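Undergrad: Sequence:
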Amino acid sequence: MADADRGRLLSGSHHDPHGLLGAHRVPGGIRIRVLRPFATRVTVLGQGADTGLAADLISEGDGLFGGVLPLDRLPDYRLRLVYPGTGPETDASGPVVRIVQDPYRFLPAIGELDLHLVAEGRHEQLWQALGARPMTHQGVPGTRFTVWAPNARGVRVTGEFCFWDGTAFPMRSMGSSGVWELFLPGIGPGTVYKFDIHTPDGRHTLRADPLARRAECPPNTASIVHDSGYEWGDADWMATRGRRFNRTAPVSVYELHLPSWRPGLSYRELAEELPGYVRDLGFTHVELMPVAEHPFAPSWGYQVTGYYAPTARLGTPDDFKYLVDALHRAGIGVLMDWVPAHFPKDDWALARFDGTPCYEHPDPRRAEHPDWGTLEFDYGRREVRNFLVANAVYWCQEFHIDGLRVDAVASMLYLDYSREEGQWVPNEHGGRDNPDAVSFLQEMNATLYRRCPGVVTIAEESTAWDGVTRPTHIAGPTGTGGLGFGFKWNMGWMHDSLVYMSKDPVHRKYHHNEMTFSMVYAYSENYVLPISHDEVVHGKGALVSKMPGDWWQQRANHRAYLGYMWAHPGKQLLFMGSEFAQGAEWRVDEGPQWWVLDPGYSAAGDHGGVRDLVRELNRVYRATPALYQRDTDPGGFAWIDAHAADDNMLAFVRHADDGPPLVCVANFSPVVRHRYRIGVPGEFPVWEEILNTDNLAWGGSGVLNQDPLKTEQVAWQGRRHSVELTLPPLATVWLRPA
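With our numbering, you'll find the sequence shown wraps up at 929, consecutive numbering, no jumps.
Note that these hints are calculated values from the structure, not bench results. Careful, some of the hints might be misleading.
Claimed, not checked - Below, simulated EDC-like cross-link-like pairs (lysine to aspartate or glutamate); rule was C-alpha separation at most 16 Å, straight line:
no. : residue 1 : residue 2
1   : 700       : 832
2   : 731       : 803
3   : 700       : 687
4   : 901       : 915
5   : 694       : 879
6   : 536       : 510
Claimed, not checked - Using C-beta positions, here's what the derived DEER-type ranges look like:
no. : residue 1 : residue 2 : range
7   : 331       : 556       : 48 to 56 Å
8   : 218       : 238       : 19 to 27 Å
9   : 903       : 430       : 43 to 51 Å
10  : 420       : 397       : 23 to 31 Å
11  : 775       : 490       : 43 to 51 Å
12  : 302       : 216       : 20 to 28 Å
Given the structure is predicted, the values throughout are model-derived calculations rather than measurements. In this text, a Cβ means the ideal position worked out from N, Cα and C, and glycines have one as well.
Using the sequences plus the hints, can you model the full thing?
TA: This is the structure:
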């Protein structure tokens with residue numbers, strides 16, 4: 192072997208180790224060369240038609256063994272390896288003999304079409320082309336390892352199977368695709384591995400597999416070969432899931448953090464408790480804070496290192512499938528937070544993956560995320576876009592996830608997001624928007640909706656970007672298509688309404704527009720109303736603790752707010768713990784304060800009453816088409832009174848497609864208002880109260896409208912008919928035609 196080839200091979204920087212190792216025709220026969228550090232003897236053994244073959248190879252030093260066999264064709268062979276008992280291959284006292292297949296006698300196990308699609312950035316099932324994939328190749332079981340590292344000088348596979356010395360397993364470059372490949376016979380599911388990458392500047396860096404479908408449990412960081420054997424039982428759900436979350440469906444979402452919902456429970460143990468709890472409270476969906484692998488638990492999953500691997504903290508990927516399956520069989524949809532906006536700088540993960548900016552933008556002003564100390568993806572690079580688009584498809588296709596809530600969309604859309612003057616670079620047109628991110632989001636949404644019918648995408652987008660939920664093929668005022676999301680979190684409603692609710696009732700009249708402004712833009716997008724985890728952490732206080740007054744008034748405000756929220760146009764989302772008015776902020780290491788519901792706790796009835804109200808809100812909501820059928824139709828809503836600031840009162844009517852309307856009256860004052868007149872649709876002679884958050888059963892004072900309310904021909908609030916009712920203190924009342 193030429194000295195240059197030998198040096199590159201041993202240093203792990205050779206692009207074509209298969210050209211040096213394995214069996215090759217040479218003058219005089221077949222040359223076989225093997226690289227097995229620490230072996231003392233290597234013998235070529237025939238198999239199949241070549242069973243009579245047995246030839247010792249000559250040591251060439253540095254773990255290389257070679258020889259020329261006087262054969263006229265390439266043999267079918269195995270290797271007999273002898274290791275000393277004191278070597279790193281074993282701690283046995285005597286020599287150890289192993290008979291193995293030679294990885295360098297195999298043709299590439301990845302096809303030309305896969306490589307072409309990877310190079311073009313159009314492989315929509317990328318996880319089937321890259322990563323570690325158990326398979327039978329040329330009749331031999333093993334695992335194909337493939338990784339995209341376009342600027343690496345060389346890549347090797349290493350892991351427990353070689354005691355983390357990857358010298359013997361260099362990968363071959365698959366040309367301009369940037370992919371490196373090696374089929375390792377005899378390696379199967381459960382094998383722990385990493386990639387040893389020789390960087391352009393001559394260093395070695397040990398990296399987890401970006402496409403690993405299973406990862407070690409933190410703080411360990413290696414990848415694990417995985418082959419799913421899970422058999423799904425949710426066929427009925429999958430056939431109809433498109434009807435479950437759309438503009439005209441009732442949608443009520445329970446947001447939770449899996450590791451802390453019931454601390455210590457695994458995926459399978461959660462499957463025994465979570466579906467029943469959510470179904471009992473009447474929620475239609477759960478939204479899981481990120482479940483992809485992440486090293487730092489206090490990041491709550493929003494700093495992802497393993498985009499294709501569910502966190503191992505709670506079990507295996509198949510265990511996670513079991514949880515999703517259990518939720519589906521209980522009639523509960525599963526949404527998942529997805530984080531394509533940024534990734535952490537851990538030196539064993541994606542950052543400078545092959546020694547150069549690979550997944551991040553090469554310009555630090557575009558790569559550095561100033562808020563979180565992380566890196567932003569390079570959305571203009573086709574392979575990076577492919578990595579993320581395929582990842583979205585992966586969760587919905589492989590794990591039957593029903594929808595993705597895309598985190599931090601605004602940080603992707605704006606080049607100057609959280610950056611001062613001089614810290615950002617305008618786009619090619621001199622603007623502040625990021626056209627690469629726009630294009631990526633459009634591609635992601637279009638691809639996901641095409642490949643996974645029935646799935647929904649939801650944007651957490653905190654600005655007034657035009658067309659977040661407009662289809663990608665429909666141009667807006669600027670001439671560009673929409674981003675293509677199905678829904679958008681209504682961050683404005685969340686912020687404004689919580690500002691109003693935090694005020695003492697005596698001051699609320701000065702903030703009345705905070706509660707009415709949402710209807711100015713309510714139909715500009717398809718909205719979800721989120722009271723999420725972000726609102727109950729970092730000193731913001733739990734939802735009930737945001738409310739003014741004593742404990743009774745805080746709970747009354749809390750209940751009234753939920754009643755108003757469930758009646759407001761838009762789908763609902765409530766974070767865990769808020770359903771029973773826990774008083775403390777959420778802590779990732781503690782989870783919800785379940786103990787406040789313990790019968791032995793003095794205030795258990797107060798907290799249980801709020802939870803009973805949430806159950807009733809969901810029950811009535813799902814049974815009342817007026818509350819959801821026309822969420823995105825301006826004709827489905829009308830103000831009755833939007834100007835009663837002095838009374839701290841709001842009244843509006845919701846209309847169904849063809850069913851009866853619902854009237855919502857919210858009194859955010861602690862004063863009982865008797866014989867309070869409101870205008871109503873006149874075609875209904877009698878109205879009845881179907882929900883009152885002041886009910887004694889929920890911890891209220893019991894000021895109810897128990898008798899039917901007769902419609903009178905008294906013009907009021909611009910309507911020809913009206914009714915008189917009693918408004919309970921700090922409460923929301925729902926009325927419908929009797």
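Undergrad: A separate judgement is required for each hint: does it hold in the structure or not?
TA: Evaluated hints:
1. 700 to 832: holds, 14 Å
2. 731 to 803: With Cα atoms ~25 Å apart, residue 731 and residue 803 exceed 16 Å; violated.
3. 700 to 687: holds, 14 Å
4. 901 to 915: At roughly 8 Å apart (the allowed maximum being 16 Å), residue 915 and residue 901 satisfy the hint.
5. 694 to 879: Status violated; Cα separation ~31 Å.
6. 536 to 510: Violated: residue 536 and residue 510 sit about 29 Å apart, past 16 Å.
7. 331 to 556: 48 to 56 Å: 49 Å Cβ-Cβ, so the 48 to 56 Å window holds.
8. 218 to 238: 19 to 27 Å: 26 Å Cβ-Cβ, so the 19 to 27 Å window holds.
9. 903 to 430: 43 to 51 Å: Holds, at about 50 Å.
10. 420 to 397: 23 to 31 Å: Check passed, 29 Å falls within 23 to 31 Å.
11. 775 to 490: 43 to 51 Å: Violated: the Cβ-Cβ distance is about 21 Å, outside 43 to 51 Å.
12. 302 to 216: 20 to 28 Å: holds, 25 Å
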